Amino acid sequence: MSSETQAHFTDFKSDKQPTWCPGCGDFGTMNGMMKALANTGNDPDNTFLVAGIGCSGKIGTYMHSYALHGVHGRALPLGTGVKLANPELEVMVAGGDGDGYSIGAGHFVHAVRRNVDMTYVVMDNRIYGLTKGQASPTSREDFETSTSPEGTKQSPVHPLALAFSAGATFIGQTFSSDALGHAAVIEEAIEHDGFALVNTYSPCVTFNDVDTYDYFRDAIVDLEEEGHDPTDYEAAREKIMDFDTVYTGVLYQDESSVGYEKRLGLSESMADVPEGAPDGADDLVREFY
Amino acid sequence: MPEDLNWAIGGEAGDGIDSTGKIFAQALSRAGRHVFTSKDFASRIRGGYTAYKVRTSVDRVDSVVDRLDVLVALTQRTIDENTEELHDESVIIYDGERSWDAEIPEEVVGLDVPLKSLAEDAGGAIMQNVVALGAACAVADFDIEYLDSSLEKRFGSKGSKLVENNQQAARMGRDYVYENYDHDYPYSLETTDEDYVLLNGDEAIGMGAIAAGCKFYAGYPITPATAVMEYLMGRIDRFGGTVIQAEDELAAINMTLGAARTGARAMTATSGPGIDLMTETFGLVATSETPMVIVDVMRSGPSTGMPTKQEQGDLNMLLYGGHGEIPRFVVAPTTVAECFHKTVEAFNLAEKYQTPVYLVGDLAMAVTEQTFSPEEFDMDAVENDRGKIVPEEEIEEWLDDEGHFRAHANTEDGISPRALPGTANGAHMSTGLEHDELGRRTEDTEVRVEQVDKRNRKVETAREREDWSAREFGNPDSGNLVVSWGSNEGAIREAMAEFDIDARFISVPYIFPRPDLTEAVEAAEETVVIECNATGQFADLIEHDTLTRVKRINKYNGVQFAADELAEEISAVFDGVEPEVTA
Ligand SMILES: Cc1ncc(C[n+]2csc(CCOP(=O)(O)OP(=O)(O)O)c2C)c(N)n1
Ligand code: SF4
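Quick mapping for you: the protein sequence lines, in order, are chains A and B.
Everything in the first sequence is counted per my numbering, starting at 1 for the first residue and increasing by one.
Everything in the second sequence is counted per my numbering, starting at 1 for the first residue and increasing by one.
Quick caveat, the hints were computed from the structure, so don't treat them as lab data.
Since the model is a prediction, treat every value here as computed from it, not as a measurement.
Keep in mind that the hints are not guaranteed to be accurate.
[Unchecked claim] Simulated crosslink set (DSBU-like; lysine-lysine; CA at most 30 Å straight-line): (1) K22/B to K153/B; (2) K13/A to K388/B; (3) K388/B to K16/A; (4) K158/B to K116/B; (5) K116/B to K153/B; (6) K39/B to K116/B.
Produce the entire structure from the sequences given, and follow the hints as far as they go.
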């Protein structure tokens, strides 16, 4: 792929046929990601996709770019390492709600506050798909599953609020079957300088009969139609803390955000290694006199 | 060996023991004397007792001995902790004006020096340790100007006034001893024109990493590995790199893996508990065939064990840790200087074979400050070999019929091509799932076997191509064979030399792959394997390789071997007496 010619979103498609269940929300989530990458001028050779573990994490196989399929819950630190070591790459991280908000919850908070310039798409189906239908951290309190036969008896994680309280500079939420709206938010996330969370409702048609397409279609309130200003901190806080409404769009953006890698003064790839010790290495020995 | 002097300063944590000891060690090094330091954080008595010990000689010193000649005691506990090491010519410098009633053992010379009030006269009580250093100069007949120079190095950045005050404080300590005591001390520190460098194992690892072109380091603080991170912080950025303090070890190894996949030479360092946490991702590093260096600076385990104590107990974990079967290299430097060289080598092995490398240090080596000729860290001799990175022009050769890059191509030597992100047409995905040549998930039985064999074949290739030799000392024709790994080398060498032990000594810096010792063991009448752990993990490997029973000397009380102690134990083995295991 030469960088002079604009990539088409299909260039980001691999020739592997997804094994997702027919109708799974992840199809739409992935299409939007590919479109957003192409629309923002990226191509597979300068893009690095990090995927988590879960049905959602399989996305790395179905897309085409430089990519790494991590271990469960650790995708964000992987993405952090990629971006810091080569800030010229477009880094996108994708995974499920279990991956990101359960086993990876610690990393999530720190990735948010570290504010490395990358886009994190969480394919939130409010259930564990790949392990066949257990409760996830975003499952409702009364959601009955094999591991929560009488409901979870715990209040769900509110990812947007968690991110906001950790100091997020970009918070978006989308619905995978709203193709245009979803891609548009991811485009903005890509263009944001800093860590951008996009929580994407990506229904599991096999195991979740509560948080269905119909449910989301009815429940969703489109922020653009509401005339919401994401740069208005107070307005954003109000929407983010309103746990009873499912908003889509960009909820919050700090336009003054500067990615961590820039704050560290990193701008070039670290891939060059001299054939011998780097110039000036003798000084390191001299320091010990 | 001409006279060596064993000096120590001890007190409570927070008394500035470490920095004072370091200043003295530095002064000795500037005077062209060799230095070998050790740190003692005692566990016999609860609390903050800490001591910094310096052994110095004009000849090279590679170990500690159980003898103390000059002791600066800031607390009674310092004396109590070291009673056994004192002898009838030992000198204790203490401050009788302090609230404790010093009990000086009878046969020992006690020098009561008003450290605190002299320091106050010189400009501040905080300089009492420096007064003690001056007093020590008088006792050891050591030219105070060398101390001046190391005080300048320590405080120079904080202004000349501070340096002068400290130099003055040192003189007051020295003069007090001259004026108030007329003992004839049996110590005299000869100086030479040599210019030595003084550094510890963690610093040598950090310096080796920079020399090897490492630019990315992510870690989480843990004793005794933190010093690697602290060394790199503020230095690696001069060479275009960065250090990240991650939120935990899981994040640290994953950040390092992310960086390594972009093509950066990347490293993380931790100690046992951190290795435990990293083990899951270690499997991903290996199956995704990502070059990476993971440093384990061992301390006493299991669990949180004894964080400030020496042990070599992680060997089995490094060799076998992780589910499934994982090809890896395990390299274990045997001296502080080797920490530098083996770090450079670790990066080359990692990249040539696209395999993770465990670099194993231990607490004794990590905190030991030792002098070397600067030539031992010859930057001109560093060679960095990046292995099979495919440049843009050659990418075609590695594409399949449909234009996909074969990132895990099944080659004869087991090593696949590597396309760094940004390389046109090299885009591919890697996964911890079993995968085909393209990196795509597979459960095909044949491909599975092919990929497992391919990854393992790299080790065979490396066995053939690399020099996995060991370091040899002593009498090559002796029927007595001593084998060891890690930081015990110095103490064993000295035990053999000083106490005339006739033996062939093989110090092994590679654990996997490792040199074949079958011939050596078969040729020997008696073999003894020396290591700081309870079960003899390395001895087990030797027995496994050579199908011969070996004797063992194990120590696992948290303290490194001392030369004199080892001399007795080794002699006992070769004289047919079973050694007592130190518990
Ligand atoms: C350390 C570890 N623990 C558990 C698993 C098993 N596991 C695989 S996917 C998954 C949960 C996936 O849920 P989610 O992240 O919500 O993704 P989804 O499948 O719903 O897309 C679990 C528990 C694993 N692979 N690794
Ligand atoms: S189980 Fe659910 S999440 Fe997984 S592929 Fe099927 S529909 Fe999608």
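Hints, one by one, checked against the model:
1. K22/B to K153/B: This hinted pair holds, its Cα atoms lying about 11 Å apart.
2. K13/A to K388/B: holds, 27 Å
3. K388/B to K16/A: holds, 27 Å
4. K158/B to K116/B: With a Cα-Cα distance of about 22 Å, the restraint between K158/B and K116/B holds, given a limit of 30 Å.
5. K116/B to K153/B: holds, 23 Å
6. K39/B to K116/B: Holds - the C-alpha atoms of K116/B and K39/B are around 24 Å apart, at most 30 Å.
Hint check: no violations occur; every hint is consistent with the structure.
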